[in-house]
Structure formats: C-alpha cells, structure tokens
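Residue strings, one per chain:
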Amino acid sequence: MSANRFFATGNFFTSYREEQRIFRTHLDRGLFILFLACLFAWPLFFDASNRTMLVINNILIAVVAVYGLNLVTGFAGLISIGHAAFVGVGAYTVAGLAWAIGEGHPLIVHWWPLMILAAGGMGAVFGAFVGLPAMRLKHLYLAIATLSFQMIFTWTIKFMPTFNQGQMIPVGRVVWIGGEVGRKVHYLFWYYAILVVAVICGLMVRNLLRSRYGRCLVAVRDNDRAADAMGMHPGLTKVYAFTLAGFFAGVAGALHTYMFRGAGFESFTLHHSITYLAMAIVGGLGTLPGSLFGPAAIYTLELQMEHLSEWSGTFLPDSFNLATALRPLGFGLVIVLFLMFEPRGMANWWRICRSYVKLWPFRY
Amino acid sequence: MNTLTVSEVTLSFGGLNALTQVSLDIRPGLITSIIGPNGAGKTSMLNCISGFYHPSSGEIRYGAERLTRASPHQVTKKGIARAFQNLELFGGLSVLDNLMLARHRHLAYSFFHALVYWGKAARLEAENRAFVEDVIDFMELEAHRKRAVGSLSYGIQKRVEVARALTLGPQLLLLDEPMAGMNIEEKEDMVRFILDIQKERGITVVLVEHDLGVVMDISDQVYVLDFGELIGAGSPREVAANRKVVDAYIGED
Numbered sequence: 001m002s003a004n005r006f007f008a009t010g011n012f013f014t015s016y017r018e019e020q021r022i023f024r025t026h027l028d029r030g031l032f033i034l035f036l037a038c039l040f041a042w043p044l045f046f047d048a049s050n051r052t053m054l055v056i057n058n059i060l061i062a063v064v065a066v067y068g069l070n071l072v073t074g075f076a077g078l079i080s081i082g083h084a085a086f087v088g089v090g091a092y093t094v095a096g097l098a099w100a101i102g103e104g105h106p107l108i109v110h111w112w113p114l115m116i117l118a119a120g121g122m123g124a125v126f127g128a129f130v131g132l133p134a135m136r137l138k139h140l141y142l143a144i145a146t147l148s149f150q151m152i153f154t155w156t157i158k159f160m161p162t163f164n165q166g167q168m169i170p171v172g173r174v175v176w177i178g179g180e181v182g183r184k185v186h187y188l189f190w191y192y193a194i195l196v197v198a199v200i201c202g203l204m205v206r207n208l209l210r211s212r213y214g215r216c217l218v219a220v221r222d223n224d225r226a227a228d229a230m231g232m233h234p235g236l237t238k239v240y241a242f243t244l245a246g247f248f249a250g251v252a253g254a255l256h257t258y259m260f261r262g263a264g265f266e267s268f269t270l271h272h273s274i275t276y277l278a279m280a281i282v283g284g285l286g287t288l289p290g291s292l293f294g295p296a297a298i299y300t301l302e303l304q305m306e307h308l309s310e311w312s313g314t315f316l317p318d319s320f321n322l323a324t325a326l327r328p329l330g331f332g333l334v335i336v337l338f339l340m341f342e343p344r345g346m347a348n349w350w351r352i353c354r355s356y357v358k359l360w361p362f363r364y
Numbered sequence: 001m002n003t004l005t006v007s008e009v010t011l012s013f014g015g016l017n018a019l020t021q022v023s024l025d026i027r028p029g030l031i032t033s034i035i036g037p038n039g040a041g042k043t044s045m046l047n048c049i050s051g052f053y054h055p056s057s058g059e060i061r062y063g064a065e066r067l068t069r070a071s072p073h074q075v076t077k078k079g080i081a082r083a084f085q086n087l088e089l090f091g092g093l094s095v096l097d098n099l100m101l102a103r104h105r106h107l108a109y110s111f112f113h114a115l116v117y118w119g120k121a122a123r124l125e126a127e128n129r130a131f132v133e134d135v136i137d138f139m140e141l142e143a144h145r146k147r148a149v150g151s152l153s154y155g156i157q158k159r160v161e162v163a164r165a166l167t168l169g170p171q172l173l174l175l176d177e178p179m180a181g182m183n184i185e186e187k188e189d190m191v192r193f194i195l196d197i198q199k200e201r202g203i204t205v206v207l208v209e210h211d212l213g214v215v216m217d218i219s220d221q222v223y224v225l226d227f228g229e230l231i232g233a234g235s236p237r238e239v240a241a242n243r244k245v246v247d248a249y250i251g252e253d
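Protein chains in written order, with our numbering: chain P, 1 to 364; chain E, 1 to 253.
Hints are supplied without guarantee of correctness; some may be wrong.
Said to hold, decoys possible - Here are the computed lysine-lysine pairs in the DSS-like style, where the Cα-Cα straight-line distance is at most 27 Å:
no.	chain 1	residue 1	chain 2	residue 2
1	E	Lys146	P	Lys358
2	E	Lys199	E	Lys78
3	E	Lys77	P	Lys138
4	E	Lys77	E	Lys120
5	E	Lys77	E	Lys199
6	E	Lys146	E	Lys120
Hints were generated in silico from the structure; no laboratory data involved.
So that you can see chain E by itself, here it is in the shape it has in the complex:
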C-alpha cells in the first residue's frame, strides 16, 4: 500500500489561488477527512489528486509515482478511484452497466474478441460481472440492479456513485461529500459503508464532508482547509481543540 503525498500544492485560476502551498500526507489504511467552509478548496484538492486539475506548482506523489501531471484515466490506472459530489453517473444506463463500465480496464479482451463475443470476451465479461455483483451485494443495491440510474432516487444514486468508484478496484478511494443532501437514515447507511470499505476491503479512504459529527466520529486524521490554505491537521481531537479551526469553521458553542 502506498502513501499519497501532496507537497506544497498551489492551484491558481488567474489571480485567484484556490489552493496555496497545501501539503497533505494520506497514509494507507486510514480514513482521512478534508474539511473546511464552502469554497475552502476541498473539491479542488480532490480534483488535483484525481487529475481533473493540474496544480500550478507543487507535487503529488502516490508511492514512487508522480501524479502531478497525470490525467484522470492515468490516475485511475494507479488505483485511485473517485466518487463525485454532483452525481456524474451515466444516466441512461442501468446500475449494472454503470458498474460494468468501471471494470473497463479489467476487461482485457481485444476488439475482435468483442466482435464475435466468444471465448475470452464472454469469459472475462462473466468474471467481471461476478466482481460487480460482489460490489452490488456490498453496497446493498440488489433491488436496483437493472434499473436505469436516472430513474433512481438521489440517495440511491449517491450510493451507486460510491459503488462505481469501488468497482474500479482501487487502493485509495476519494469520496467527495458522499452524504450531502441525505437524511439521517441514509447517512447512517453511508457511514457504515465507508467503515466497511476501510475495514473489510482494506481501502484507504479520503473523505470530504461537511457533517462534522460524522467526520469526528470516523476519521483517523483530519485536514482543515480555509481559503485554500491548510489551517489545521491531526487527529479529530487535536483538530477540534485547534483555535484557528474553531474560529474559521467549527465555531464556539
């Protein structure tokens, strides 16, 4: 398992610095949360890691590999998966097809195998289908398997989003506000899923989340961003006691 190291990353759009000299250390096997007020640069940070943005300066490393200039599909191949905040599912396809798409790079049969759909193609499709079914089982999506994603409720779609990232078979999972807009019950489910992802599947989780209760309960380490700068880091307890963090984000009782 590799450590994801973000060192002194700056991301600027024209004159605006979305991130200024931010350094993170995401250790394997843990749940790391990134929190902060709206517009603090949390999603920008995830975008930098997953390759949708490229930092203006600084470096992102995953183990020995540099991800600073990698594009999203290259980052995915390194074993880093991403679930989006604003659902980016393939709306016209069924849940099953959405997940099968996540197995794209594991379906290593040639174009001509696909044309006849015989032998290797059919076998690999079936094998990967079994993997997909495992994830469906894990995320409790059995009932929605064959339904078009666009017709599902928001909470379920969020779950499909996480399931799809999980189907990529990652070592590191980036979750961008997986609980936004959910009710208490759905949130509890999602928290349980995230804990299981970490414990049962041994996947490192990076969580961007606004619900402080959840963050403080399940995180092993927390990073706090404000106006693109890192203002606090450490265990949930340390962060909650940090003066700057309280002023900027948590607030007094």
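Pulled out of the complex, with its shape left as it was, chain P reads as follows:
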C-alpha cells in the first residue's frame, strides 16, 4: 500500500490489483461520490418544473442510449446510423406488450424493472441480428446496413396493427412502494429510476472497458487483422459490439416508454439516430465521460435554439420562418465545428481541465 492515497503526488502502487482501480486516489473517489450524492439530492432542495424535469430525464435516457452507441461506434469503430431503431425496439417491447395485454396489466405496471431488462434483452437480440453483416462488411457499407434497419423498423411499426400503426400506444402508470406513481411525482419518480439505471449502466461500461470484453472492441477498431492474430474472432467481436449497443439502446427505449407513458414511431426515426450520433461525436467518441457530456450538450443546444428562434420571431416577419431553419442549421454547425476543431469531443476538454487542476500551480 502506498504512502499517500489522497492525492496523485506520492501515490504509487505495490500490486497489480491496486492499479486496476477506477479511482486512483481517495480524492477522486470522494468527488465522484459527492457528485452522485448531489445528483440524488438536488430535487429535494429545488422545486423544478415538469418542463425542466422532462428535459433532464430526456438527457439521462439519451445517456443510457449513447453508452451503447459509444461502445459500438466509438470503441469498436463501427458506424451505426440505426441507433434510434434499437431504442425503438426496446420501447416497443414494452409498448407492444402493453397493446397486446392491456396497458394496466400487472406485468407492465408492477414488474416494470423486469420489463426494462427484457427490453434490453430484446434490443440485444436485434443488435446481434443487425450486426451480422459486420462479419463481412466494413466502414460505409456497414453503416448502410444499419441505416436499412432504421428504415425497416419505422416502416414495420407504421404498417403493423400489432403496434397500432405507429400511433401512440399508451402505457399505464407504474406501481412502486406506496402504490401507483401519481401524476404529480411522475417525472420526479422517473428521474430517480432513470438515474439509478444510468449509474448502474455507466459502472457496467466502465468495468467492461478495463476487462477483455472491452479491450477486444478497441482491438477490432484499431486493427482487425491483428485482432484475429491475437486469438479473437473479429467478426463475432463486431457482432458482440452491436449486441451491447442494442442492449443499452433497448434499456433506454423502455425507460422512454415508461417516462412518456407510451410510445409512438416518431421518437425513433432517422433524425433521432443522427442526433444520437451527434451526441456521441460532440461528447467524444471512444470515451465514457463523453457519453454523459454529449446528450447534455445537445439537449441544451436544442433548448437554446428554441429560445433563439422564439426571440427572433419578435422582430422578424412570419414569412421568414427562421425558427424552423435555425434548429437544423445550428445543429449541423455545431457538429461540423466539433469535427473540425475538437474531434475528440468535450471529453477532451474534461481531460484537459482535470490535468490542469491536478498539476496546478505547475504547468506540466
């Protein structure tokens, strides 16, 4: 055991087990726990409006989805433009079942944690299936294969009566300790539920990344010939990457259905797939913190764009219709700027800040 476990200075390891730790110092760990505590405690002190809670919940759901996308696109290097469809698979696992057995069925409203897990499983199955072309295809061709799944998904939902032809399928209010979760606490309840899921998923991803099941993803990204020579099947590893992505997307989808108390096809279109990709890029591909920053940044950007277009409406004539143009414009601009000037995303800013604080007052 090293002499000092609180700061980076003088902190050394005497066994490989010590070096495996996620948090190198007690300070790191303490700050992380404090951060988590704040996330759990703030609703007790601030009375946030439903509108705010909705945005925050949306961000957290997107975080879970982007974990998956970051694993497949960031770590395994396989571009997926069908991620919203995987989210949709999870959402429709719950919604489809609700449509079939009734929105208030105990399986839906009592056993909802199980349903979330089942939705993840379903997402994983679809992920594995859609990932099969990765055995043969690479790069753009593979991206087109995922795009085709996106298209097939929306069409299937739109035309199948099993899924109410894409119209909103309602899902009942869930039951938790102390009875049904009512209208007033709905968003707050789901804030906590989603937060717990997001934290557990985040820890799972973090653990995967320091094990063979995470390293193999990076191996097939960097060099799949060499990965083959290292004794792993590159094709199957890629299918596994898609399976993982499908799982997290499925979980996110189920959370989406429960939080919005229903699912409709318009939440899982190509537009959303690209938004997820944008979140991953802006956050930082191939980094875990990036999966947190990305969704937060993109949702904040969308909100600001809305404000901006509202404000511009006060002095511009209606015929300008700047409002509708501003959103995609600003959105595209941000992605292009990030790709040009900070391809490593916001996670890189985070890294720079950290090392600055660590070394302060020295420069290096």
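The hints should help you fit chain E onto chain P, whose structure is shown.
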C-alpha cells in the same frame, strides 16, 4: 513440442503462383530462417502458416493438427504466434493494453464477471498482468509501458510487435522481418532478443529476414525461396555453398 510440417504447398492468385510446391520442415527448438529476394514468397509462406492465406493445394500440419484451412485465431490457439512485418499494432492503445490484448484467450472469465469486475475477473487480470510485465521486462520495454503505441519510435514499435507475439505464450514464433529498417544498434538488440527467446523461453523461431549476416549467424536451418519455389535448404554453411542460392540471391564477391 511439435514439428511444423509444410508439405508441397501451392498458393496461387489467379494465374500467378506465389508459392509452388514448397515443403518445409520446422523442427522444434531451433531457429529456422526463410530467405530470398523480394517477392520470393516469404511473407506469403508465413501468411499460409498463420492462416491469413489458405494454400490452393498442399498441407500444413502442426504436430497432429492440420492448419491448412484454419483461420488466424484458430492458429493462434494452437500456440503459433506471429509478428507482422508492417506494424499491425493497436495504435490508439498503450503498450500495456496491446500486450494485455495478447492475453485475450487466457483471460477466461465470463462476461458477467467482467461487468462487476470482482473476484475472478480482477484476479485473472492481475495474474495475466504479471505475465505481461514479465514480457515487458524481457523485451526491455519498461520505459514505454504506459505510452500510446502510435507515439513510439519505429524501432520500439517493432520491439512491441515481437513482445506482443511473445505475450501470446506461443511454442512457435513467426517473425516477419523483425529487423527491417533498424540501425545497427537496434539490430543487435533484436538479435539478442531472438536468441534469448529461443534459449531462455524454449520457443521455436521462424525468421524471415533480409540481413544475410544475421541469418547466417543465428539460424540453425535455412530455407531459400525464389519466385515461389524452394531452391535451397540446409544449414547456413550448406546454403551459402549452394550454387543456385548464390546465383539467385547471395551473389558472388
């Protein structure tokens, strides 16, 4: 220890024969070199053995096992490791992670162990980390352990390439021009490593190399290829005296 037997292997790409009826016998515990002019089929031979190419006809056996149709990861599982000529490292990862990747199939914990990273997963990771450290020590890579491979110099990267093959824990090591593009000092280091790999670790080495001085000094047996055909075989001394080999490759003084 098994003998690697390549019998009458032909590899053709369309009308071109990269290898024609080549037979090799790679005996355990020795350093076997494959030499020949550029385009003679040396790397093709290694590719056939390590499973990246499959011969059009002929057979490759390792002990009792047939490797003719095996894919690279299957060949690796048999205990045959390969270091590439054009660096095929995982550029974005540190030296340590590159080597840990080579322990992939030894890390026999389940996916769910990995999710919680507790017990077996953490223990196996630490055990294999110790193995990796042993190789790092052996290949003298301590100073570069935590650095991204892409940022290292060419000579060091070559060394990491060999180290990674060694980390696979092979019985047979295929080295494809491990000394290409190195200066004298780096070459001397590499020769020392190769000799140590054979003597200390008891690993059979197959070496493809252009530096004849090195080949003649350290090889136990030499095979000479030219235009995909085997034109000479035997001890370095025998090969150096072989008329065909002198004409095709070595040249007169």
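Hints versus structure:
1. E:Lys146 - P:Lys358: holds, 19 Å
2. E:Lys199 - E:Lys78: The given pair, whose Cα atoms are some 21 Å apart, holds under the 27 Å limit.
3. E:Lys77 - P:Lys138: holds, 25 Å
4. E:Lys77 - E:Lys120: Given that 27 Å is the threshold and the Cα spacing comes to 22 Å, the pair holds.
5. E:Lys77 - E:Lys199: holds, 23 Å
6. E:Lys146 - E:Lys120: holds, 25 Å
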